[in-house]
Every structure is written in structure tokens, then in C-alpha cells.
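Q: What follows is the residue order along each chain.
2 protein chains.
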Amino acid sequence: MLNLLAVGSVALDSVKTPFGQVTEVLGGSATYFSTAASYFTRVGLVAVVGEDFPKEHIAFLKSRPIDLEGLEVGRGQTFRWCGEYGYHLNEARTLETHLNVFQKFNPQLPNTYKEAPVVFLANIDPELQLGVLEQTRSPDLVALDTMNFWIDGKRDALLKVLGRVHIVIINEGEARQLVQEVNLVKVAREILKLGPKVLIIKRGEYGALLFTQEAIFSAPAYPLEAVFDPTGAGDSFAGGFMGHLARTKDFSMNNLRQAVIFGSVMASYCVEAFSLERFRNLHPDEVQERYRAFKQLTHFDEM
Amino acid sequence: MLNLLAVGSVALDSVKTPFGQVTEVLGGSATYFSTAASYFTRVGLVAVVGEDFPKEHIAFLKSRPIDLEGLEVGRGQTFRWCGEYGYHLNEARTLETHLNVFQKFNPQLPNTYKEAPVVFLANIDPELQLGVLEQTRSPDLVALDTMNFWIDGKRDALLKVLGRVHIVIINEGEARQLVQEVNLVKVAREILKLGPKVLIIKRGEYGALLFTQEAIFSAPAYPLEAVFDPTGAGDSFAGGFMGHLARTKDFSMNNLRQAVIFGSVMASYCVEAFSLERFRNLHPDEVQERYRAFKQLTHFDEM
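Residue numbers (the working numbering), protein chains in the order written: chain A, 1 to 303; chain B, 1 to 303.
Keep in mind that the hints were calculated from the coordinates and are not lab data.
Some clues are possibly wrong.
Identical chains blur together in the list; that is why a pair holds if it fits in one copy or across any two.
25 angstroms max Cα-Cα, derived DSS-like pairs, lysine-lysine [to be verified]:
no., residue 1, residue 2
1, K154, K193
2, K186, K154
3, K186, K16
4, K197, K16
5, K55, K160
6, K114, K193
7, K62, K160
8, K114, K249
9, K186, K62
Turn these sequences into a full structure, and let the hints steer you where they fit.
A: The following block contains the structure:
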């Protein structure tokens, strides 16, 4: 039984940070998302890789509660991304993008995926996001991520899919860009007018904000002594967030708050190493442990 | 009986933000600090103004529980600062600084101030900060603020005074500059090695972090729909923080956490209007109310 369906990219990343560099390692939004979510529930992964995609990566994904029936092997090479980060690790500078098989990606849901109650549309062409939604059978909860490229280039399709999702998970700068407003409270009000009931603004090292019509919840990022590579942090956040919601099937404000913390926990582990390395040996107890650390980090007494 | 002593600047500010501009309005670090702190306890203000300092500003300060015996009237003009902010309101661009009487400021504590148990040294020349400390009689708690200008220009004096204070309250960028390190956990460890037991890093719209050897506490900034002028936010934060500590005389970690929230409350009110305008009609009940709003903003359930 599939609780959660994720559509996005699986990639081979080459990344340089002030703390080292790696070449053609496992990456991609759907990869980070489903690996993080797999600590909470079983995930079905819909993506495409090329014929060159290393078998060891398939084996790693299979070692997690991730269903790969939706992972297509296309003719050609796997999507490749190459980027670097400066000392502040805030934002990646993309050096190269080779879409390869991803260019013709047209996600097809296996029959067993179509009734997944919770759906995550990672950052891909909003027309593909719409195409995926049309294959589903009225999921209880749909969330999407997007980016500047689509906000600029496919605004109409993006607005259409925004009208059909419950949750938007988006970077701070992109949230501002989407509604052309600087003040985040106003940004949130405008985005919530587009359809979604919940907006999550990701702020990197500054944490995340969750907005509904009625409330705001603020979560910090976990202060880490060693951040090696921020690649995938946002998708790992989304994975922890959606994974917790899919597991608990409770979409109340209190549970959304907890989900934001679980998202922040997964993001904080993600950045401790390059690629998905930290998840290879991350024990579920450590997820609980860092959740408690977040409580310590933010708790203060009532008056 | 004076619970709290503050030394810093009283100024006439001219400020331009995307939301308006004001000319020669009440400003200065000690002004913001003592006004915010005066919601919690009685403050003694040590500063200098010129002969041109408007009587209405004196009347405003006197209308609060602020003792002005330490406010010297020097020969010449009051310190003037002129700055502007862009749409992101993150950082002021200083257009003009006229030190005027502040140039020869040599703070003298009235006898009744010398036994104040809690002392705040706002951002002034570290040699003057040292001079003030030498006039006090072993206060229970001393905190200081500083800035890039002194970190670069008076490093030795600054290190000397850092060795004699309990708490440092400093901007994120300046904290990094002080110990030439980017990662904030490492920054904190290095700064705590210089003497202070507590470090507070102010992050503007991203809130504040409190570090001790044993723990970290993270507080968000309050998400406001209308931020008019960030001038004085940091000093208002320090005022709420130190005011709460001076009132309660409890320097435990739990109370430090509460103090950070009270600081954040006062900063959030400060930025809602130009100059100190918001404090002219801020009711003490509103301080309590926003404290509760911070609890709502950050609360999540244990697992």
C-alpha cells in the first residue's frame, strides 16, 4: 500500500563547496524527497533515469521503503547537474545542466500509484505536474514545489496547478518573485489567494515559515557545526514534512507544525554530508533525537 | 533604586525607507534601549546631547521610568545620523554621521548609578565602555553591543572589555567578522572563549540566537505585515532582553530564553513605526500579548 507518491528528478550531481567536491553522485529532487520521506512511510517514486544510471543507486533506493515501479529507464543519459556554493552556502550557482532523458520526461503513474492519498510534485515543469494530477484519483493532500524558471517561463500553467494543490513549499526568494511583493506576510496572503490552504516558505539556514489563513508557524534551521553541502536540503525538508503527514493522515494545524519540524530534522541531516551520504547510515532513532533537540532549541516558558 | 544602567548614544536621526522618510527625529542606541527596557524596570540613561536637543524629547523620556541624571548636555550640537534602507530593510546605508557633542563623550556615572546591578554598554567606543565599567561597583550582569567599526579599529580595547562582560549582543555579520569564521556554531564557540558566558546573535528579520557553552536557543522575528523602519530594532531588542533580566534578577537559562522573547517583542514593536513613535502609545498589555503571540508562533507538540 502506497501512502505517498513523489514525482520529480533523479540526477547525477557534481557539486563543489568550500569543504570539498564530488563528481556524478546521486542527486535529484525526487531522490532526496523519497529518501527523507521513507523514514516515515512507504513512498512511490516517479522519475526517469538514463541507461547509464549506476545500479548501486538503484540498490540504495531499494534498500529503503521506496517503490521503484514508477522509475522509468529512458534511452540516453541520466539528468546531470553541476553547481557550486560559496562560503555562506546560501545559494547554489548552477554551472551546467544537462537534462538528457529528463527533457522528454512524461510521467506515467503505475496503476498501483494512482490512489496514493498524498502526492508530492517536486520542482518540474508545471504542465507535467498537472499531467500527474490528472492521473491521480482525488488524493487527500497534494503539495508542490516550484522555482524561478517556471515562475518566469510557465506562469499560466503554474497558476493552474497552484489552483489544484493544498500545499505550496517554496523558497523565500521564489515566493517573493511569484507575487512580486517583499513583505512575507503579504506574500503569504497573495499566494494563499491562488488556491493552496498552506504555504511553506523555506529560508535555508534561517529555517521555515508555515502560513495558513489563520496562523503562522516559524521553525529555525538546526544550528550545525559542519554543513558540507546544502544540495537537497529543501527536498529533504519536503520529504520529512510530507512523510510525517502521509504516515499520520492528520492534517490539523498541530500536526502540520510537527511535520515542519520533521522536515527541518531531515534537512539538517541532509546537509551534514555530500549527496545522500548521511542517509545511508541515519538511524530512525536519530530522527526522534533531533526532533527533541529542536524542542530544546525553541522552547521557552509561558509567562 | 536603579535596576539597570545604560550607556550609549542619543541622536537625531534622518531616515528614509521605501515607506516614507523622517528628518531629525529622536534616535540613538541608548534612547531605544532605555525606552524598551523601561517597560520592565527603571533605567538610568548615561549619554550626551547638545544644547539644541528638543525639550519635547526630554519630556518623552521623563514620561517613562527613565532616570535622566546621567544625561549630560554638552556644548554644541546633538549627534546626528542619516541613513536609508532598501526594500528588503535588512541593512541601513549610512549617508551621514555628525558626531558633534558625542565626539568628546566621556561618560560619568552619577553616584546613584554606580551600584546598578545590571549594566548595558550600547555600541560606543570600547575604551569608553571600559571607562564606564571602571566606575561601577561589581554589577551582577554586564552586557555589551559593538559594531564593525570598533571590531576593525579598536580590536585590543574591544577584546579587553569582552573579557569583562557576561553577555555580548551583536549582529550576525559582526559576530562573523569578530572571529573571522562563517559557521555560527563555531563563531559562538570562539566568542565565548573571549570571556562572555552568553552570546546573542541578532539576525534582523530572521530573529535571534542565544548561545551558552551548554545550549542554543533560537527565536524568530515576529512576522509583521508592515515594517516601516528597522532603525533601533537591535537596541530595542537589547532593552527588552536586559529589562526583563534586570526586573527578575534571574539569570538562569530558562529566564534567558524568556528574555530573548521579550527582546524580540520590543524589537517587533519598534519597527512598526519611524523613530520611537510606536512606544509613545504602546501599552504594557501589548507586550504580554505579543509574548503570547510568539508562543503561538513557535509552539509545537512533543512527540
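Q: First find the shortest C-alpha distance between K154 and K193 inside one copy, then the shortest across copies, and answer within, between, both or neither for a cut-off of 25 angstroms.
A: within (19 angstroms within a copy, 52 angstroms between copies)
Q: Are the CA atoms of K114 and K193 at most 25 angstroms apart within a copy, between copies, both, or neither?
A: Intra 28 angstroms, inter 57 angstroms, cutoff 25 angstroms: neither.
Q: At 25 angstroms max between alpha carbons, let me know whether K114 reaches K249 within a copy, between copies, both or neither.
A: So K114 and K249 pass the 25 angstroms test inside one copy only (17 angstroms; across, 61 angstroms).
Q: I want to check one pair: K186 and K62. Are their C-alpha atoms no more than 25 angstroms apart within a copy, between two copies, both, or neither?
A: neither (43 angstroms within a copy, 38 angstroms between copies)
Q: From the Cα coordinates, with 25 angstroms as the cut-off, is the pair K62 and K160 best called within, between, both, or neither?
A: Neither. Shortest intra-copy (34 angstroms) and inter-copy (58 angstroms) distances fail the 25 angstroms Cα cut-off.
Q: As a check of your reading, is K197 near K16 (CA-CA no more than 25 angstroms) within one copy, between copies, both or neither?
A: For K197 and K16, the Cα distance exceeds 25 angstroms both inside one copy (37 angstroms) and across copies (36 angstroms).
Q: Taking 25 angstroms as the upper bound on the Cα-Cα distance, should K55 and K160 be classified as within, between, both, or neither?
A: neither (37 angstroms within a copy, 60 angstroms between copies)
Q: Within a copy, between copies, both or neither: where do K186 and K16 come within 25 angstroms Cα-Cα?
A: Between copies, since 22 angstroms is at most 25 angstroms while 36 angstroms is not.
Q: Evaluate K186 and K154 at a C-alpha cut-off of 25 angstroms and name the case that applies: within, between, both or neither.
A: within (23 angstroms within a copy, 42 angstroms between copies)
Violated hints, listed in ascending order, are 4, 5, 6, 7 and 9; each of the other numbered hints is respected by the structure.
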